[in-house]
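Q: The listed protein sequences derive, respectively, from chains X and Z. By this note's numbering, the letter at position 170 of the first sequence is numbered 170, and the numbering carries on one by one without gaps. In short: position in the second sequence from 1, add 1000, done, that's this note's numbering.
The set of hints was computed from the structure by calculation and includes no laboratory data. Treat the hints with care, as some may be off.
[What the hints assert, rightly or not] Straight line, CA to CA, 25 Å or less: simulated BS3-like cross-link-like pairs of lysine-lysine:
(1) Z:K1056 with X:K188
(2) X:K177 with Z:K1045
(3) Z:K1056 with Z:K1089
(4) Z:K1089 with Z:K1066
[Claimed, not checked] Simulated restraints, written as ranges between beta carbons of each label pair:
(5) Z:I1069 with X:N62: 52 to 58 Å
(6) Z:K1045 with X:K130: 25 to 31 Å
(7) X:Q112 with Z:A1191: 32 to 38 Å
(8) X:E149 with Z:K1188: 43 to 49 Å
(9) X:Q53 with Z:K1056: 40 to 46 Å
(10) X:P15 with Z:K1045: 23 to 29 Å
(11) X:K217 with Z:K1045: 39 to 45 Å
(12) Z:A1191 with X:H88: 37 to 43 Å
From the three backbone atoms N, C-alpha and C, an ideal C-beta is built for every residue, glycine too.
Number of protein chains: 2
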Amino acid sequence: MADIKNTSKGLLPEPTLRRLPWYLAYVRLLDNRHVEYVSSTQIAKEINVDASQIAKDLSFINIKGKTRIGYEVHKLVKELTDFLGFKHKHSAFMIGAGSLGGALMQDVGLAQYGLNIVAGFDVNPDLIGKSICGVPIFGIDELARRQREYGVQIAVLAVPVEHAQQVTDVIIQSGLKAIWNFTPFRIKVPAGIVIQNTSIYAHLAVMYNRMDEMNAK
Amino acid sequence: MADIKNTSKGLLPEPTLRRLPWYLAYVRLLDNRHVEYVSSTQIAKEINVDASQIAKDLSFINIKGKTRIGYEVHKLVKELTDFLGFKHKHSAFMIGAGSLGGALMQDVGLAQYGLNIVAGFDVNPDLIGKSICGVPIFGIDELARRQREYGVQIAVLAVPVEHAQQVTDVIIQSGLKAIWNFTPFRIKVPAGIVIQNTSIYAHLAVMYNRMDEMNAK
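Based on the sequences and whatever the hints tell you, model everything.
A: This is the structure:
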């Protein structure tokens, strides 16, 4: 997978893309407090990223601060939100409406970041035909038909790990173009399919280990 | 924050710690299918990580394959599970039992990876005194007292972004030692506190951008 993005907006490495939402979270706070200007040094101090890195990241998306004044807060919020795609509505299917999938369907935070889950899919007959927060759950065998009906491009994958690859293949055959993978399994996809891995459980391993280290001191 | 861990088990970089759960997910599958041996080349092919990287990562935790045979699958599952801390029970408090926090309290997957949420905390009077999946929700003002009562070390942070830093300070004052941060805010913590950032919404930004790139082709 390419790590660099070449658009009219310029080359954009994934680490930059992951840092931009941190800047946004902080400048949104400032905006709510009616702060007018912020310097990269000030952002750096608050979020533990080097000031020169912040200036570099923002220059990638053509945002430049003014000497001795810094960035215009309100404008920065608007430009970051636009650039990150959080303002657009992206429709998505939740694949696997069990424990984690069902939980994510209840999270209003996703909609605030532009992700709109319009349907869930499962193999469990107890779930099929039901709905979670008003979002209907269909059988996984309906995926291709529903994709044509809804025109959805994004699948959020939250099935048991042993079915991750097999379900991924079905998702791709059904015409979806992007998979947000919440399973700890490294699914394989053909070229042309966007994949984003968010294995929250893997982060637990890091946390446990750092805690062992602390406790050993 | 240090990126390297020095324990009796050897130096362990964070990227390695994040890859180990991928290996575990795959070898667990093989174990369920009663496969006896697996080579790093075979793992590499399945999960898109270099075979030499896999061998190196596993050697960090003193797991070595046999020439021409590879790794013993069942033993590898056991050793990885042990090492990653997924077998131990780690009690945790959920701080913020709203949309995302409440959803995570319903996810049985966390318990399977060793995280046991024993209580939730919120400021919303509609939530305080209630319970989610049998887990009680207390007022955030009870945090210090409940920490002493339960002896919990881990806080899972899922409050609105504008309260992230302030609530973090309360968490630390209450005696908790590790914070799993689900907010997009880069909270600051003093030395000696373990922090793990899992900003799922930041991953959406990467996915949206990669999709724009695909669609532009």
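Q: Decide, hint by hint, whether the structure agrees.
A: How the hints compare with the structure:
Between Z:K1056 and X:K188, the direct Cα distance comes to roughly 22 Å. Compliance with the 25 Å bound is thereby established for this hinted pair. This hinted pair checks out: X:K177 and Z:K1045 have alpha carbons roughly 23 Å apart, not beyond 25 Å. With a CA separation close to 28 Å, the supplied pair Z:K1056 and Z:K1089 exceeds the 25 Å bound. Restraint check: the Cα-Cα separation between Z:K1089 and Z:K1066 comes to about 32 Å, which exceeds 25 Å; the hinted pair is violated.
Roughly 55 Å separates the CB atoms of Z:I1069 and X:N62, a value that falls within the hinted 52 to 58 Å. Range check, Z:K1045 to X:K130: Cβ separation about 39 Å, and the 25 to 31 Å hint is violated. Between X:Q112 and Z:A1191 the C-beta distance comes to about 33 Å, which sits within the given range of 32 to 38 Å. About 47 Å separates the C-beta atoms of X:E149 and Z:K1188, a value consistent with the hinted range of 43 to 49 Å.
Judged by the Cβ atoms, the range 40 to 46 Å given for X:Q53 and Z:K1056 is violated: they are separated by roughly 28 Å. Look at X:P15 against Z:K1045: about 27 Å separates their beta carbons, and that is inside 23 to 29 Å. At about 40 Å, the beta-carbon gap between X:K217 and Z:K1045 stays in the expected band of 39 to 45 Å. Look at Z:A1191 against X:H88: about 41 Å separates their beta carbons, and that is inside 37 to 43 Å.
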